[in-house]
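*Asks:* Chain by chain, the residues:
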Amino acid sequence: MSGASSYRNPPVVAGLLDRVRRLAVGRAPLRFMEFCGGHTHAIAEYGLRSLLPDNVRLSSGPGCPVCVTASGEVDAAIALAARPGVTVATFGDMMRVPGTAGSLSDARASGADVRVVYSPRDALEIARACPAAEVVFLGVGFETTAPVVAAAVLEAEASGVSNFSVLSLHKLTPPAMRAVLDAGEVRLDGIIGPGHVSAVLGSEAWGFLPRDYRLGCAVAGFEPTDVVSAVVALVEMVAGEEPAVVNAYGRAVTAAGNRVALQMLEQVFAPADREWRGLGFVPNSGLQLRPEYADWDAGLRFDIRPSSAPEPPGCRCGEVLRGVIEPRQCPLFGRACSPASPVGPCMVSSEGACAAHYSEAEEQ
Amino acid sequence: MARVTLGHGSGGELTRRLIHDVFLKHLPDPELGRLGDAAVLPREGLPGGGSLAFTTDSYVITPLEFPGGDIGHLAVCGTVNDLAAAGARPLWLTAGWILEEGLPLDLLERQVASLAATAEAAGVRVVAGDTKVVPHGLADGLYINTAGLGWVPPGRLLRRESVQPGDAILVSGTLGDHGMAVMLARQGMRLQTNLVSDAAPLNELVERLFAAGVPVHWLRDATRGGLGGVLCELAETRPYGVRVEATALPVRPEVEAAAELLGLDPLFVANEGKMVAVVPGDQAEAALTAWRAHPHGTQAAQVGVITEERPGQVLLRTAYGGARVLRLPAGELLPRIC
Amino acid sequence: MCLAVPTMLTEKREDHGTVELAGVSREVSLLLVPEAQVGDYLLVHAGYGIAVLDQGEAQRTLSLLNEIASASLDT
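Note that the protein sequences, when read in sequence, are chains A, B and C.
Counting in my numbering, the final residue of the first sequence is number 364, and the numbers go up one at a time with none missing.
Counting in my numbering, the final residue of the second sequence is number 338, and the numbers go up one at a time with none missing.
Counting in my numbering, the final residue of the third sequence is number 75, and the numbers go up one at a time with none missing.
Only chain A is shown next, with the shape it has when bound in the complex (with noise of 0.2 Å):
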């Protein structure tokens, strides 16, 4: 296997973009929504927008953790690291998101021991460096990232880790499609599914979107012929009426998902009600630790949960987490929110829609 580049063969892309647009002629207007935030930087990177024809228009729903974590979340985080012995490891996307009062590394810049990681393994190895210190590892991601904090929990507890814990902040993505589509703000044709997400939970996750919404989904990878592919099965399945589920990620991606991955994260994490920046408050679309495993549990440890707390004045990211607008119909947009100076979450994270949106290059 060649890798990636075969899923880069921009003739590939080419002929892609041009059955779209064969498909697409004459239709009235179609809109797509991705629920992965790694589709829509993909679509960014990579040019993909502008070359959809105008009829076909892909939108950016709440995919994309770091946007949707709540504000109230960002403040428990930085409240954990200001306590003396404690060390916040975190993903490094988490860094630059503001909360109430400034982010991660405003409070690392203020003295608080907080440590970019790129796997919870390193918080272990932290934790057992410095068996003094608190390590506290910021668990932030969906289906695909929570089975991999509980695999380190699991380590922990094996190992003997005591010194270690998680800060549940996990969050589910089906809840979260069910309550973007529940709200019926947006008139949707389709749904780009999120392919690393359903390496982990199967293509057989989203059957309720046929079902219960008439709505097709694609399951794509992150290339550009994987994304590109997945709007043609989109609008193929647009053109037939029968909306499905189609794996258009099978190299990645089965019907039952990762087992293995399912079951651990089954056994170290339950289902809770969670706070989502954006859709507010939806029951049972978040993780924590079940009690077997309240000794790692940050929250519990430390006596410590994200508390409600007000999204910035004049952010719009709520809007754009649900479809309702585009990241330039905000008033903020370009103006006093940019990855320079973020406002809100979707400009900080780099698959933010608006951060995504703001390297686009506009028509001219």
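Hints may be right or wrong, so weigh each one.
As the list claims (entries may be wrong) - Computed beta-carbon distance windows for the label pairs: (1) G312(B) - R259(A): 51 to 57 Å; (2) R128(A) - P34(C): 21 to 27 Å; (3) P34(C) - R22(A): 40 to 46 Å; (4) G184(A) - P165(B): 47 to 53 Å.
To be verified - Covered stretches of chain C (in silico footprint by chain B; criterion: 3 or more residues with CB under 8 Å from a CB of chain B, positions within the stretch not fixed): (5) 2 to 16; (6) 22 to 32; (7) 43 to 51.
I should point out that these hints are in silico values taken from the structure, not numbers from a laboratory.
Beta carbons: idealized from backbone N, C-alpha and C, even for Gly.
Dock chains B and C against the given chain A, drawing on the hints supplied.
*Replies:* This is chains B and C only, laid out in the frame that chain A set:
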């Protein structure tokens, strides 16, 4: 293990010995050896006409020794390259050393030797120096500042004002090698590669352009911020635009792979041995030929052009016919998993 | 939350191993993909393999993509 102590910074006997046994041992320049309060350099050392170029840079890198280089080497390359990017022939350097109490003396000596060797290779004299010692916990082992003086021959006017639509944008080689090599050398990354820093003095490379008769409009050495940073600087507030082709960017497969794994963009990863040149479009071939004949320029390539459209912006055209606007990253480049 | 890169498993030591991509190698955990064998391609996310890539499917996808693409441009 012998280490630097606060005593070494006190100006007494220990300081004297440090200077003689470590610094002067490797830096035998006669002017430096006089240990005067200032280097006094004869006017004849400076050719007539032209201009002077004067720059300073501080080096605060971790780890101090990394694949392909070390802080001593970097401390010469960075300053020499700044002078070269101004069109100057580097002549004299100063080197100020801030040592952390506890720094192993053999590590220090290796850095001094490295700095001396690089200076010699670049053809510059280190004529003045200074050392200070700070308490344990400061200076991350060692900080170095170097200032550099060079001479700009007449006729070399390198300004953004000289840049015109139609000009070609060239880069002397592969992108992101230094930043990636250093990042991976840090603890906890768990990535293994054969990547080495590209840190190198580029004054010879620059002279080749002028020797080939290429009317260079602008030069910049790409350091932190990468090629992307240089391009944004090139375009900012100017009445022209910058357009680069994603398919034309020279990137080693290992840098590409490591960048993918970490979620970084090689365009914004640091270099320490790459020069960016803007030359008239019809001179691009001549410039590339001159560069490719030099060991530090074998991978030189044209990456883009100056345009009339989109003044002040940097446009990256993707392989698929789409485009995105390049902007400076907001802060430090952090590995991401999203 | 999707940055996961396909890399080849070059060494396996029980529940962890080494993956390689274009000369870059990384130590990863195989806890989530115990069935992975040396020579397999894995999707790696945050230091863990999360899926073993199906090479047969990959080939099928590529052939299909090439078909669609050339059919479209031909007509």
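*Asks:* Would you mind marking each hint as holding or not holding in the structure?
*Replies:* Hints, verified against the model:
1. G312(B) - R259(A): 51 to 57 Å: 53 Å, holds
2. R128(A) - P34(C): 21 to 27 Å: Since the Cβ atoms of R128(A) and P34(C) sit about 23 Å apart, the hinted range of 21 to 27 Å holds.
3. P34(C) - R22(A): 40 to 46 Å: 45 Å, holds
4. G184(A) - P165(B): 47 to 53 Å: 51 Å, holds
5. 2 to 16: Holds, because 4 residues of the segment 2 to 16 of chain C bring their Cβ atoms closer than 8 Å to Cβ atoms of chain B.
6. 22 to 32: Since three or more residues must qualify, the claim that chain B covers the segment 22 to 32 of chain C holds, with 6 doing so at under 8 Å.
7. 43 to 51: holds (count 4)
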